[in-house]
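Fit chain to chain and form the complex, with the hints in mind.
Going line by line, the protein sequences match chains G and P.
Each number in the numbering used here comes from the position in the first sequence (counting from 1) with 6 added on.
Each number in the numbering used here comes from the position in the second sequence (counting from 1) with 801 added on.
Treat the hints loosely; a few may be bogus.
Per label pair, the in silico range of CB-to-CB distance [to be verified]:
1) P:T1009 with G:K495: 26 to 34 Å
2) P:R987 with G:T755: 25 to 33 Å
3) G:G613 with P:A870: 52 to 60 Å
Since the hints were made in silico from the structure, they are not lab data.
Here a beta-carbon is modelled for each residue, glycine too, at the ideal position from N, C-alpha and C.
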Amino acid sequence: MRYLKILLSTLAIIFFLPLFAQTKHTISGSIRDAKTGEELIGATVSVKELANTGVATNAYGFYSLTLPAGKYTVQSRYVGYTEFSEEIVLDSSRVININLAPASVQIKQVEVSARRADANVKDAQMSATRLDIKELEKVPVIFGEKDILKTIQLLPGVKSAGEGNSGFYVRGGGADQNLILLDEALVYNASHLLGFFSTFNNDALKDATLYKGNMPAEYGGKLSSVLDIKMKDGNDKTYSVGGGIGIIASRLYVEGPIVKDKGSFIVTGRRTYADVFAKFSKDTSINKSILYFYDINVKANYRLGKKDRIFASGYFGRDKFGLGTTFGIDYGNATATARWNHIINDRLFSNLSFIYNNFSWKVSINTNGLDISIHSIIQDYGLKEDLEYFLDTKNKIKFGAQSTFRSTVPGEITSNTPTLIKPLTLSHTYGWENAIYAQHEVTLWNKVNLNYGLRISSFSVTGPGKNFYFHPSPQPTDTTVLKLGQFGKTYVNPEPRFSLSYNFAKDMSFKAAYSRNTQNIHLLSNTTTSNPTDRWIMTSNNVRPEIADQVSAGYFYNFLNNMFEVSFEGYYKVMQNQIDYIPNAQLRANETVESQLIYGNGRAYGGELFIKKRTGKVTGWVSYTLSRTERKFNEVNNNSWFPARYDRTHDLAIVLMWDITPRINVSATWVYQTGNAVTYASGKYQLNGTWYPYYSFRNQDRFPPYHRLDIGATFVLKKRKIAGREMWEHDLNISFYNVYARQNAYQITFIASDVVTGQLRTEQLALFRVVPSLTYNFKFTYVKKQK
Amino acid sequence: MKRLIILAISAALITSACRKDIHLNLQNASGILVIEGNINDQPGPYSVFLSKSVTFYDSNNVVPVSGAAVIISDNIGNRDSLTEVSPGHYQTATITGTVGRTYQLHVSSEGKQYDATSILHPPVAIDSTGVQFISFFGQTQIRPFIEFTDPAGIENYYKAFLYVYPYTPNTVPRGKQKRVSPVNDRLSDGITIQTSVRANDDLHTNDTLQIELNAIDKAMYDYWATLNSTTLSSQTAAPANPPSNISNNALGYFSAYAAVLSHHVVLDPAGFHRID
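Next comes chain P alone, as it looks inside the complex (with noise of 0.2 Å):
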């Protein structure tokens, strides 16, 4: 809201607010281990990835962590030991996801532990998948965006974001977007909560989209909502990094979740129009 009205506060004055990009002189912290991993309730492998921080300036070549021990077990006894297929990406076997259960993963890298824990919670239905239309100080957003029946009398928490796919055979495709929506149920417990996701850049006609919808824990829940709000956000008075669910203060996070798909739609010069 405040961006919005600066905005208009700078339309309206014809002042000449202006951006540029600047070096900074920055603290360097690098080395800290990265952990990202994930379990769902389709059909495995699995993987973990593990990487190292690196100091702000470097290059984007991620530090891939090797020779580390990974397992992922679950609260009935089942244990996998993973196998590093490629440098810093380790895959599980035998282990499934499976609602309703209670997933560890352990990590031992360089002579350090790392522990975490995540529920897989039941999936939630998508209702209905649409795109709104705004207009904004004549440009027009395009927004996706799904409705979904939140379980009454529960906390329940999601995360959706958006996979797009060219119609024209000629561009790279854009696959799945980088930016998630995080949502809970704290003021909408049991009714149809509507969720927009956005795309990492502008939408074009023909563009056919679909929304991924997966119901996650709490501890995933603050994880995706401080990255948007407090990492990753101009106007917090105070950055910090999310808060992990692993120990031993690794950055990332271990997350178990049941993943939904929403329908095709594709985009048209009336609006959009659903495809399967």
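This is chain G alone, in the form it adopts within the complex (with noise of 0.2 Å):
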């Protein structure tokens, strides 16, 4: 708390002196949605009398205007929405709440940013991208489950981890280095099925950022990138009811208001249905089979008075896959989140949370009559402040504190036949994290808008447990154990965040940026693919913090009157205490699994093109990267820098949508990627009359390219009237994924093929071939009669 005061008091004399020249008054409130009652989320408010004067909603909705007395004409703006105008007489400090009227549901529809129009130019922030949910609907997607983490793989500088797969890589970061929020909770296994579905049903969801790298201080604790999800806070005028029918899974969801215009709640649910086919099957191993996952969110919002407002959310999902008695595994994440949000006086705002998260999973093996059961949990509890002063039009100051205490238990097998299944317990392991943020986002003659700040994040190794000292032995070399309340091993790391834009003229900008990231949680993972039963281990004794620093610089150009969306943007990425496996690596039930580890350095860089159409009837973009990403480690290739796994030279992808008339829409994708760098023997040899692949150089090679194309299209069917009001509104959406067939190597194996000559071959194993997918959403709406 020394390092906020110090940091605060500063701040104050630099910025706050200079105010109290003239009187000034500020005019605050919330922007909504007036057929939803939605919060807006970067809507703007300004006046008319003065130019270069706006400020943004933030992620609550509240803004927060100070001007100098004066007669003005209030103005607020959001794509899709219609203007809102108001004079009024500026004397005292007044609320103002806006309702913005969607302008119609036809060019809502076409609208690809909800957003003002000029952010991505004007604001210091880059790397960020805002991703509008709705047009996530559009773009086609792999057995027809929109998905906000495949659509996210399609812009520039993030990649995507495999075939249908929703895990990504951001700059060169790993899979395990993005901090996924949802409601500010951490999700730690954001898959379903293997990756090939998301946590997260599109129906619960309201906004969502991505952050490259350069992120705002109040975020921390992941390296590479931010990608920062809200639940919806559902409707608090009407009640509705919606969902969809697809071929894979069905969705349902219920919002409706709490009490009118002050509160309201949404649930959301999601289940797949695979399993139900098998139950046909008469073979026992497949009718007793079970594969499903299902995924349920609820939030609800109630508005204490003016000043104040709460809000609880909740996100549980969970996979269930068993073959028959004899196998079986269970896993998922549960998030809680509890927020209040208060408004301190009309220039200070304030959100206090609680955030809970919790990840597990839990596998049975029962053959002959031996039943075995192994389990692991990962879980945080977390307090979060964050204060947002709106100083005037040209100043903002975000600070705040965030207090994570997390625990995991590594894995516990327990078993009913102890003779030959030992039970075992791995010691416990708990940390507590904790961070300190203040950041200050200034404009500075009308041209240039600066984002400075600092976060201060620290992680100790705390009891009740054991810890062990490696180095630089395999063995042990040490234990100490640590009661509950002790302290072990404490690191402390201040990260500096320094954006900035120069506006030098009309819709063009030059930005430029650099920012530390630290990360205390990394997960274990030496296969190709991710496994939900994948390790998390905590910074410890023998694992530093991984840290990050990344440079970066762009050029921004809107055109034709924000049609038309240009950046280029290049990086350079430098990441230390990464960490890799030594061979054949015991990274399950291991109590001292540190010691299969080893640590080394990456760097990552590269240039992003993004071309982006927001309006019209044809919108869409093409992303393009050029990208390098290389590892370097004592133990692997003589120390010299080689390609990451997911180092692809070129990425590209090529989105359209077309609105053909407002109720048919057509889409396509189009992905073209170098393959993924690989081992591939480099010879043979033969031992005890079998021949074995030789390896030389780690990922010296390269898959063969990937490339795909999906095509999707949407019929907005007729709505229905009932008791001569529309109620009932519905659509179809077709797709078809992996259009022309091309097969993509999912995997290539060297096996031996022949049992007596002992030959090896080289095979390949496609993933798909075309998948098409039928889905039918509909929605229905309670109206009240007009009176």
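Right, dumping it as structure tokens:
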């Protein structure tokens, strides 16, 4: 807290003093959708009389604008909504809550960006993309399940983890280096069914922003990116029920007011039903098998008077897979967030959040009467306070603190036959992560937006538990035992963040940024695809915080009245304390798992081009990334730089969406990627009559290039009027994944093909040819009779 | 497990995963010395084979290495210079494999020296032999297994493999199977360990099965375990060669081990039965 005090008083001296020169008053309030009551994030409020004054609403729809006394025309804009305008005489501070009406349903559907049209050029923030949840619904995806994690893979700098996979890599970072937040709660495993689906049901989502590095100081804890997803608050005016029926899953949601205009709720659910078909099989190993997942999102909010609002939101999802009675796995996340918004005064907004999240898995094996079960949990309890101070039209200060207590149960084995399988409990681990931050957003000379800040993060190993020291031996050289409440090693890291934009011409800017990020939770995985049972470990005596420094610069240009958006960004990133593994590493059920790790460095650099057409009948984008990602470890390739597995030189995505009529929309996506770096055999040798592949250097070869075309179409069916009112809306979505049936390599294996000669061959596995899918979506809204 | 799930997904979705053989453009590394040396607690002679690695798409002919000096010695002063009985095949004359001794292999070939050490650990008896029948998506997998009691309080390492003798005289004897199951007692010290072994291909009714259990040292366990998990697995992110216990970057291994054979069991329509 002392740091915070010093920081704040310094900031106060620099920026607060000049303000007392003249009488000023504040307009504040929130901006909402007139139809649903949902707060609009990033809507602008400005006054006509003063050029370059304007603020955007924060994550809770709150704004505050401080101006000299006078007569003004207050305007509020949000793309896709009718403009609000009101003349006021500002002689004292006042609250103006604004309800913006959607322009019209038709127009809203063709809007590509529902935000301030020029924010991408003017804001200091770079390497960030705000995703339009509505736009996501148009992009064709595998199995027809709309998926935010698959759509972000079509953006520059974001690489897919593999065929049909929701995992992603950002600017050379690993899959565990993305901070995926759902209403501020960290989601440890954001995928279902080995990554084919994400845990995010589109029906429940309101807003999402992806930061590819250079994130604001309020975010921290992961190295390469932040995906900040916010759940819908629910309609506080009318009740509605909606959902969809697809080939893989069905969805249903209910939303409505708790008390009209004061509070609302939304409940969404989704479940897959592949296993329903298995029941028809005669084979007992199939008809007794289960394979499904489900997601439940719940959120409620209530306004307590004019200054306070409370929110409670939660997510619960699980995957269940069982093979007859012999094998079963069950895994999933649970998150809960309780928030309290408080308007301290008309310029100071506070949010206090209590956050809980948990990821757990359980494997059960039953063979010949032997029952074994293995389970593991990682969970966090966190408290976070964020304050936003709207100083004036040109200055905004954000500061806050976060504290997270984390614990893991790395693996517990229980067995009904201890004579064959010994029960085992690995030492639980505990850690305490803290951070304070402050940042200042300022506009200078009307042309430069500067955003600078500092985050100071700390991580402490805490008791109870055993701590091992390994260096330099693979066997523990020392062991310490911490009791409950005792502290082990503590790491403190200052993380400076800085970004700036210079608007040198109309709708044109140059941006530059630098940031440092640290990470204290690490996923251990030495297989080609991530597994739900992969182990998370915390920073410890041996494992140091991962650190990344990134510099980036870019050119941003909007033209034809913001119809087109073009950006070019370059970045260079250096990563320290990266983790890799010794050959045949034992990462499971291993008390001294850290003995299996090796540590090294990483670097990533590249250029990203993004061209987007945002409005009109035809919309879409082209994203191209030229990049390199390399790693260096003492133990690998003689300590020389080698490409990371997901190093792909070229990565191109073209997305097109065409509204042929207001009722028919077609879309297409084409992607091309250089193949992954891979280690192929470079020779062979015979031992004991069998041929074995010989490997020389890690990742010296390449998979064949990957490319694929997906197409989709949405038919908006006629609205059904019940009792003269429009209440039933529905549409039909058809899509084809991998239209030209390219056999993209998913796996290439060197296997012995012939028992007698022991000959080796190379076999390629492609997962999918063409995958068609069909989804029917509906929405039923209850409209009260007008009196 | 992952493979099971992928299979289940494919089955459930009736999608069309497809496998095909492809020809890759590979780097070519060849000519590395491969040493395979064994000594065990059974009567000799024992063999050491020397060959060279070849490029991946070369024919499957072994390139033997002749004219090398090969010596096996033990920790109590015995020393045996091996004789080359056929190209690349070197044989002992006098040395015997005895439990508790440490053996050294020295190879001198084409001006380079290679050395390896291996300890001959005591044998561990097989308690029982059986066969499991596991039904999986309409197919039945036949899995022969053994059970043995791990000596408590010490780290033990094993490898097990299968011999298959067809009952009908017309088929080609399939003999020693190539798949090796490495086992350790990291999670099962002092208790009964059940280990299943796999055949090269399908097993049939009337096949006679026998399992051999070898007590090996840690280096050899790491070798066989890495071979299975990292060299041959399609799932590993970083394929690598198994760690050889031979110096100077030779491929292969030198292993001292104690061997125990199980009873013979015969597969029959009702399951299996013992014949000795």
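Outcome of the hint check:
A hinted range of 26 to 34 Å is violated for the C-beta pair P:T1009 and G:K495, which are about 59 Å apart. For P:R987 and G:T755, the Cβ-Cβ distance of about 28 Å falls inside the hinted range of 25 to 33 Å, so the restraint holds. At about 58 Å, the CB distance of G:G613 to P:A870 agrees with the hint of 52 to 60 Å.
Checked against the numbered hints above, the structure breaks only hint 1 and satisfies the rest.
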